[in-house]
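Note that the protein sequences, when read in sequence, are chains A, B and C. Each residue of the first sequence is one higher than the one before, counting from 5 in the working numbering. Each residue of the second sequence is one higher than the one before, counting from 6 in the working numbering. Each residue of the third sequence is one higher than the one before, counting from -18 in the working numbering.
No wet-lab data here; the hints were simulated from the structure. Since the structure is predicted, the reported quantities are computational estimates derived from the model, not experimental observations. Worth double-checking, as some hints may not be accurate.
With a straight-line cut-off of 16 Å between C-alpha atoms, the simulated EDC-like cross-links for lysine to aspartate or glutamate are [said to hold, decoys possible]:
#1 C:K171 <-> C:E205
#2 B:K172 <-> C:D123
#3 A:K121 <-> B:D254
#4 A:K121 <-> B:E323
#5 C:K235 <-> C:D214
#6 A:K92 <-> A:D156
#7 A:K123 <-> B:E323
#8 B:K172 <-> C:D236
#9 C:K43 <-> C:D102
#10 B:K163 <-> B:E56
#11 C:K278 <-> A:D156
Listed below, chain by chain, are the residues.
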Amino acid sequence: MENKKKFEIAKLATREVVLAIIVLIFIVFLSMFTNFNTASGLFSFMLDVAPMIVGALAMSLIILTGNIDISAGTILGFVGYTAGSMAKMGYSFIVFAPAAILVGTLLAGLNGIISVKFKVPSIVVTLAMAKVHLGFYATFLPNAGWVENLNDNFTWFGSGRVFNIIPYNFIVAVLVSVFFVLFMKYTKFSKKIYAVGGKRQAAIYAGINPDSTVIKTYLLEGFLLGIAGILLFTKSNEIMPSASYGREMVFITAAVVGGISILGGSGKIVGAVIGTILVYLMQVAMIYLGYQDYYQYALQGIIVLVAVYITVTKFNKFKKKPAEFLKGGQVT
Amino acid sequence: MSKQTNSSSGFFKKAINYQSVLLLVLFGLIIFFGMINSVFLKPKVIFNVIEIIGETLIMALPMTFIITTGGIDLSVGYTLTLSAIVFGATLTSTGSLALAITACILTGTAAGAFNGLIISRTRIPPLVCTLATMSLYRGIALIIAGDKTYTGFPDAFKLISTYRFGKIVPIQITYLAVFFIVFYILYNRSSLGRNLKAIGFNENAVKFAGVDTRKIKFWIYTASGTMSAMASLVYLGRLSAAKPSMGMDLNLEVITAVVLGGTSTMGGVGSMTGTLVGVLIIGVLRKGFTIMNLSGNIFNFVLGAILIVGLVAFSVIEERKKTAKKGQK
Amino acid sequence: MKKILSLILAIAMVSSLAACSSTTTATTKAAAAGETTAAAATTGNTGSGTGTEYGPKDAKYKVGVIPKFVAEDYFIACERGFATAADELGIRVTWVGDTMAQCSAQNQKNYIQSFIDQEYDAILVSALDPSSYADTLQEARDAGIKVITWDADVEVDARDFFVNQAEGDMIAIKLLQGLAGDLSSYTKDKPATVALVSTTTDSPNQNAWLAAIQKEYESKKDTEYAHIKLLTDVTYAGNDQGQADTAIKALLSKDKEIVGIIALSSNTVPAVASSREQLNLGEIKIVGVSVPESSRKDMDAGKMSAVVLWQPFDLGYLTLYVASAVLEGKDPSGAAFVSPLSGTNMTASFMDGTTPVLYPAEGHKIMENNVVILGEPIVWNLKNIDRFRGYPNADSGMSEFLK
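Next up, chain A with everything else stripped away, as it sits in the complex (with noise of 0.2 Å):
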């Protein structure tokens, strides 16, 4: 007993608090250097993170599963193109957020209820839907569901602020972190999650149902993005859906950073916030040093490959587990 509290520890130890203390690094050396330790600079920092945090935990659901979801990006894109349009036409924001939210969570529950009904790999369904949605924006929505021009109706959450420095967003995003560490902590919904991700068979057994907790996760997760995509939109006053596509592998490079392990069924919601925030201090950073947002996809690879190096190959020595449960190949 004592032994495996003091690996509790070690566990703990290893991952969530070396990420940190990263990330205060990071605070201290962007301060110096640039306008970071300003008003203005926190503000911005805030408003920017605060839909990445709520993404990187809605794809941190997913992976928990042992799934991923590819048109995270897109459902995205959905999601401001519904409040963007609803906007325009003068609904206020207590009827057009819902209604975007509403729209992420039935497009991610899609994704869902085709890769559990008909048994086909996340990884898949999502690749495709990815490119379906693309296809859709073009094909089916006025002006490709460019929206420009929005007014205050729209942008006021987005530039709203409390105490002069603190976005309404962030505000948002950090009530969400919070119910999610909660959640994944406390409910027994989250333990389904663990379960179904971590071995699917044990699952089963203990009686989860795999198929129903992997379509409520989408839906979950489809609402989180609604939310997300709230955060994200309404920063500016004009919304390009096909933009949005490529920021999922920002989550999910955060959720991974963040200690979500990508083969399912083990990494702390706290882990992905941190992570998150590690990920977009990079980002931040690498543009004040000048560099081009193009070393970003590089950095942003070899930071997964680290990652998931370490998740995946520490969790197997610490663990013990037997070699064939974690057998790489197929994400199911």
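We have chain A already, so just place chains B and C on it with the hints.
Chains B and C alone, transformed into the frame defined by chain A:
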């Protein structure tokens, strides 16, 4: 309920059946487009289909191997991009076509080998590995090229993709046929092919049988990289310019072709001829769409839809197979 | 069973195609009804994924038009210009392209190839890439198809004519003059730092403008522009909004001294405005090339004084007229080419919003290498913004058209 007794021969029969149906669909599509616009049936236009699917087919061949083992390679599109950029950069700075081609193929091979190393030596799943390397290769391509476009390729080079025998029959037919035959033989008539399918079913069983699965996995991903580089040469021959934004959509095209052709993403089951027909179907669709003045967006949309519909159809087939077997008991 | 499923697959594919063609037929019907405004408005999807048809169905000539991309304000305005001219000239126009996110040189090449296959009479393209299309365009010309570029050119010997919006030098001069005027409070001892922002390193238009700006600056940097310090490095903001935002943020964070920016593409202008707000920087005067409507809010808020552009609607309109002349065997030659636009209202002056600025009655200038110039660049501000044709609505700015 007198369905087939021996599931493996039943499957075999089904495999042949499925591919013939695919062939029917292919011809059906050709006729369909021909009816919409008779221009489509002109020999020059039909042969143009072969010209535009060159790179897809070249990459789909090793992809069939990979998906048969239950893996996947998402980085093929950007490996092509990276190889093309290296080609362009080398050609521009040294002026030597031979050096450029060598550098290009080496790059693709290295990229594939990197994937192969990670996938065969660590527990990182192919999905995540190639997702990450996809980003990485794209980044490297951008870092090398910036927003530049490399041009000025020698005319002789362009001929590999644009030459036509008698002004009609594209030169692609020659080397594509060679590639296909090589891969077909490896897949269907060699122990490698058998091993691939076995790995897809149950990798550990194959390992215990003494086969070095690590080596196999390493080599198929490396091959994927090399073929991506070859594909980039063909692509460049047509486009005669190398930019970092090339090859973005090819991932989906290649995977869709392979899956459409009857190779299951679960692994263990597949068909090289199916891949060929799948690629041709995609080519016909693309050509047909452009003749109908439909843009590339719709094409991607339909491609994604086909992939999903195809996979759904497959799984329904699998379910029927299972219930059929149960019915026998 | 599997046969049925495969059949379903085929049917699914076919029906999705049918859905697409029905959109095309709808637009065709509207166009045939001769109502230009209705046609542009019915689509609602100006620039949807399908090719849009304009002009009479049984026209003598079939012309394929390929913009750089669709569903973007600048090209929407051009499209409406083409549509209007199509009805006037009785030419069948097929407008096809991809959205900004999905456009590529390869796709444009495919469209060119398909027009060749369908035996169109002329292909009009605004090229994303100046050097990739030479062989396909040659194939077109070998088949007797006329090739005319507009808005963005390819190699000179790969096309018959190029309809350019304005002379690069003039655009440069207007931009620099406009900005210098705005920054007149600076002096030679404390000059204003001005940065250049362009789209991508390989856009021929932008590169020509950059060169012209730098030349203009060099020639007068001790006199007219003595109070300006023009940075030599150019920032490339790319073609889409997200990229632009990131690049501009980086630029402004790196060099805090920048007080003026010359922005050479429609995307950079809103990006600069928003980066300025987010980084809480002082006033930065922006002058740029942009569709006035997209900068309307910024101009309203005083963040932008003016933009330089032209009438993209007229560019499309003129291009089709040039194409028509070429098809009829009357190649533009000599010093100028006369079109219905000549001698009519180009816009109203930006000084007072009412004084008419006209296209020269003697015609559109013809430059060497078969280049037809639409006219002089226009300075747009709030005073004359309502004269901008073709965007946001089909009838925007049309009240003084051809008058």
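Violated hints, by number in ascending order, as checked against the structure: 3 and 8
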